[in-house]
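Quick note, the sequence shown lines up with residues 870 to 1050 if you use the numbering used here.
It cannot be assumed that every hint is accurate.
Claimed, not checked - Heads up, simulated BS3-like pairs for lysine-lysine below, C-alpha to C-alpha not over 30 Å straight-line: (1) LYS1016 to LYS947; (2) LYS922 to LYS999; (3) LYS1021 to LYS908; (4) LYS908 to LYS922.
Quick caveat, the hints were computed from the structure, so don't treat them as lab data.
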Amino acid sequence: MWRTILHCPTSCSAFLAHQLRTPECELLRTTNMERVMEKPFVLVVDDNRITTKLLRRYLESNGFEAAEAYDGVECLEKVAQRQPDAVVLDVMMPRMDGYETVRRLRENPATAKIPVVIVTALNDVANQLKAIESGADDFLSKPIEEKLLIAKVRLLTTLNMQRRKAEELERQLADATHTAS
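Given these sequences and hints, build the entire structure.
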């Protein structure tokens, strides 16, 4: 990322190279490097503790960091404490079902873009459509096939991280442009 900006063939490259040597940019660069080194963080939400532990084990054995929640209310609380790179969410849970949980995540600007995979035994077309209409990004039927879960979560977390990087680059460019004016 930084190499591309520093080797920009336009006349702005000297200015950007100078600006990127500031302490603020060094802190940002360090923070970005730490973020790149982190494992993607996935929150697994299911009221069945055996299922939750199994999905967590699948994720952790495939390079993800994972945490557990046992209903929609707890999911929203945990997301407020630490935003995950993706949420794997059951539908049928006490206190708040998965559909309502997704809707609430989508209503909040701070959590609206978190990828959500709905996981449920309700595998008919009507429930798949309901999951997508509630705002879920993908749908998996139980019993969960580990390779399919990992492929879908990996794709969604990669896209989410790329989106975040693009937004960060846009902010940096806007800041650099504003500073140059």
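Fill in: Agreement of LYS1016 and LYS947 with the hint, judged by alpha carbon distance not exceeding 30 Å
holds, 26 Å
Worksheet item: If you draw a straight line from the CA of LYS922 to the CA of LYS999, is it 30 Å or shorter?
Response: holds, 26 Å
Discussion item. For a C-alpha distance cap of 30 Å, please report whether LYS908 and LYS922 respect it.
Written reply: holds, 18 Å
Worksheet item: Is it true that the CA of LYS1021 sits at most 30 Å from the CA of LYS908?
Response: holds, 16 Å
The earlier numbered hints are all upheld by this structure, with none contradicted.
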